[in-house]
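S.K.: Put together the whole structure using the sequences plus the hints.
Sequence order for the protein chains is A and B.
Read left to right, the first sequence gives residues 1 to 343 (the numbering used here).
Read left to right, the second sequence gives residues 1 to 248 (the numbering used here).
Because the hints were derived from the structure by calculation, they are not lab data.
There's no promise every hint is true.
[As the list claims (entries may be wrong)] To give a feel for the contact side, a few chain A residues facing chain B, derived at Cβ under 10 Å:
id : residue
1  : Trp131
2  : Ala138
3  : Gln180
4  : Gln184
[Claimed, not checked] SDA-like, lysine to any residue: derived pairs with alpha carbons at most 20 Å apart:
id : chain 1 : residue 1 : chain 2 : residue 2
5  : A       : Lys247    : B       : Asp208
6  : B       : Lys50     : A       : Arg87
7  : A       : Lys247    : A       : Gly201
8  : A       : Lys171    : B       : Arg203
All C-beta atoms in this analysis are idealised placements derived from N, C-alpha and C, irrespective of residue type, glycine included.
Single-letter residue listing:
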Amino acid sequence: MSGFEFLKNNGAQRVRNYDPQPFLLDDGTQETESSDEQKELAYEYSLDKWRALPILDCVPPEDWPWRPLRFIDGKDLGRTVAWLQTREGHPMPVRLAEVGAAAMADQNSQLRREYEAIERVVSLIIKPFPWDEVESFAIALQEQGFRLLPCLAEPSYSFEQMRRATQNRTKEAMDVLEKQALAQESTLPTLVDGRLEPRVGAFDQHTDPVVGLIKTHYRTFLHPAGLRLLCELRPGERTPAFSLEKKLGVVSWYVRLNGQGEMPDWGIVRMEIPKNFFEEVIKGDSSYLDYLSNIVYAYRCRGTGYSRAPVSIYPVQRTEESLGALFTPIETLVQRFYRYTNL
Amino acid sequence: MNSSSDEALHSSIATLITELYQETEVEVPNLRRRITPLGDLVGSLNLVSKELPGLSQQVALHYLIQQGVLLENPEEAGRDELAGFLYANTSYGCIFLEANDHLTRRRFSVAHELGHYLLHFRPLLKIAEGDQEYLELIEALYRGRNDDPQETASGRVERMDQRYLEQRLPPEARMEYEANQFATELLMPETVVRGLFARVMLRFNEDDLLSYLATEMLVSQEAMRWRLRNFHLLPLLASKFERGKEAE
Numbered sequence: 001m002s003g004f005e006f007l008k009n010n011g012a013q014r015v016r017n018y019d020p021q022p023f024l025l026d027d028g029t030q031e032t033e034s035s036d037e038q039k040e041l042a043y044e045y046s047l048d049k050w051r052a053l054p055i056l057d058c059v060p061p062e063d064w065p066w067r068p069l070r071f072i073d074g075k076d077l078g079r080t081v082a083w084l085q086t087r088e089g090h091p092m093p094v095r096l097a098e099v100g101a102a103a104m105a106d107q108n109s110q111l112r113r114e115y116e117a118i119e120r121v122v123s124l125i126i127k128p129f130p131w132d133e134v135e136s137f138a139i140a141l142q143e144q145g146f147r148l149l150p151c152l153a154e155p156s157y158s159f160e161q162m163r164r165a166t167q168n169r170t171k172e173a174m175d176v177l178e179k180q181a182l183a184q185e186s187t188l189p190t191l192v193d194g195r196l197e198p199r200v201g202a203f204d205q206h207t208d209p210v211v212g213l214i215k216t217h218y219r220t221f222l223h224p225a226g227l228r229l230l231c232e233l234r235p236g237e238r239t240p241a242f243s244l245e246k247k248l249g250v251v252s253w254y255v256r257l258n259g260q261g262e263m264p265d266w267g268i269v270r271m272e273i274p275k276n277f278f279e280e281v282i283k284g285d286s287s288y289l290d291y292l293s294n295i296v297y298a299y300r301c302r303g304t305g306y307s308r309a310p311v312s313i314y315p316v317q318r319t320e321e322s323l324g325a326l327f328t329p330i331e332t333l334v335q336r337f338y339r340y341t342n343l
Numbered sequence: 001m002n003s004s005s006d007e008a009l010h011s012s013i014a015t016l017i018t019e020l021y022q023e024t025e026v027e028v029p030n031l032r033r034r035i036t037p038l039g040d041l042v043g044s045l046n047l048v049s050k051e052l053p054g055l056s057q058q059v060a061l062h063y064l065i066q067q068g069v070l071l072e073n074p075e076e077a078g079r080d081e082l083a084g085f086l087y088a089n090t091s092y093g094c095i096f097l098e099a100n101d102h103l104t105r106r107r108f109s110v111a112h113e114l115g116h117y118l119l120h121f122r123p124l125l126k127i128a129e130g131d132q133e134y135l136e137l138i139e140a141l142y143r144g145r146n147d148d149p150q151e152t153a154s155g156r157v158e159r160m161d162q163r164y165l166e167q168r169l170p171p172e173a174r175m176e177y178e179a180n181q182f183a184t185e186l187l188m189p190e191t192v193v194r195g196l197f198a199r200v201m202l203r204f205n206e207d208d209l210l211s212y213l214a215t216e217m218l219v220s221q222e223a224m225r226w227r228l229r230n231f232h233l234l235p236l237l238a239s240k241f242e243r244g245k246e247a248e
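M.R.: Listed below in structure tokens is the structure:
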């Protein structure tokens, strides 16, 4: 008996590609920024002295040693391809995805891909199914070059909740690949697309010059005056830095890259660096923050063809494109999966 | 336990596992097919596995009565929560599992009970069969916190005539240790673990490595951590990062 019969034995049905949920409702699928960290807003300036800090003139010297030379990005491209029914009647989504990460290095002003890793994965909540059927399914997947990612969520009747759990699991697999990409050369100044905390373990927070660039803001960290300042930032300005402390202590600040949007926070990115590195190696020198902000501003995407251009920077966009070129078109992958599983 | 008896146990378990694959004609795990086909092995030995919620000795024996395997429930059947339970007689064997346990825990429980069956039960059942004697054996695996073999709660092998067992089987603690060792070696074969480890060790930190290897072999991270410690590979991983620091 083929291990893929597990799907049919549990009433598998295909799922057509459907539009994702509206962005604002999609909170559970993205990396979350939990609220239990400690924050110190008066880190660089006392709260009464918060003001916009211009960075356009803060051009770092040519030989500045902390200019990011490596850029890391990850991708999780997949969808729910089928759903099963447990004996208790819970609908269980099966998510098929290709996850990957790449590192691009700036070599004499040319961006070259120096690392990439891609995996094909299937994510499923396995708890409600017979152990031997899941085992056979996992073996059959392995033989076709897929990894089964067991999802630990408890079964529920909310299909959307289950779907998000499977998507979070594939995203975790992507995070691991991003960590691998980062760990290859974390002593070189590196900019990562996203927060640093999920990458803890891939770099040394005391010595490695790693920068996180956060384009999507799920939470606000600022006080009311800080929020007002954020809305009033002009392109090429940054907020004072503040510190956030949880699993990893970071120093963070906002920079506006673009300004011609409709929303008040249009074109704003948040940057973060390890607090220990900033205090021990950089000795808390604010010019480091200014120089980094200036570099990121100079790298900003100027075109409008790219949907996230207002908050993106060219090297990250290139890394994303370079990685995307290595991916199998998702519908091709889905059809291959249906063929293997005879679904 | 001293290291020479450990070596002897390791060697006898390795032989037993080799014979098991030969007997069942099931494909041995390798670097391409990394998950132990435990279901195929159990099925090929004509053992049945049954997952029941709220597993206890009483629940398992009640099931056997319903199936017509047992005629009556023995007095004082235990009600303690179990992770696994093995019943075998000269013509039938069933491995029971707690249905609500996580899949990796259930697989470990099956492998543990299979260890008892092959190491302790089957030799006795064969002798009984040769003597045309009817023999029934049971083993209960109590619920531990997780499937870290070091933390697996103790089990107990029983038969109506307890003295019969005492004369023919090792002490209980020894049997439990042997069954755990069997489960570990069956689910995480040394060649596969070492091969995968060598392939990915330079790419991962410890947590990610454990998670990756555990997923690849469908076992828990605790069980994989224990296995890597067995091979002295976790200190090696730590020293990898220390070497990196020295090089800086």
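S.K.: Per the CB criterion, is Gln180/A less than 10 Å away from chain B?
M.R.: holds (5 Å)
S.K.: Close enough to count: is the Cβ of Trp131/A nearer than 10 Å to one in chain B?
M.R.: holds (4 Å)
S.K.: Does Arg87/A sit within 20 Å of Lys50/B, going by the straight-line distance between their CA atoms?
M.R.: Holds, at roughly 15 Å.
S.K.: Would the pair Lys247/A and Gly201/A pass a check requiring their Cα atoms to be no farther apart than 20 Å?
M.R.: holds (11 Å)
S.K.: Quick one, are Lys171/A and Arg203/B close enough, alpha carbons at most 20 Å?
M.R.: Distance ~18 Å between Lys171/A and Arg203/B Cα, so the pair holds.
S.K.: Against the 20 Å threshold, does the CA-CA distance of Lys247/A and Asp208/B hold or violate the hint?
M.R.: holds (16 Å)
S.K.: A closest beta-carbon separation below 10 Å is what the hint needs, so does Ala138/A meet it against chain B?
M.R.: With a closest approach of 5 Å, the Ala138/A hint holds.
S.K.: With 10 Å as the cut and Cβ atoms as the points, is Gln184/A at the interface with chain B?
M.R.: holds (8 Å)
Violated hints: none; the structure is consistent with every hint.
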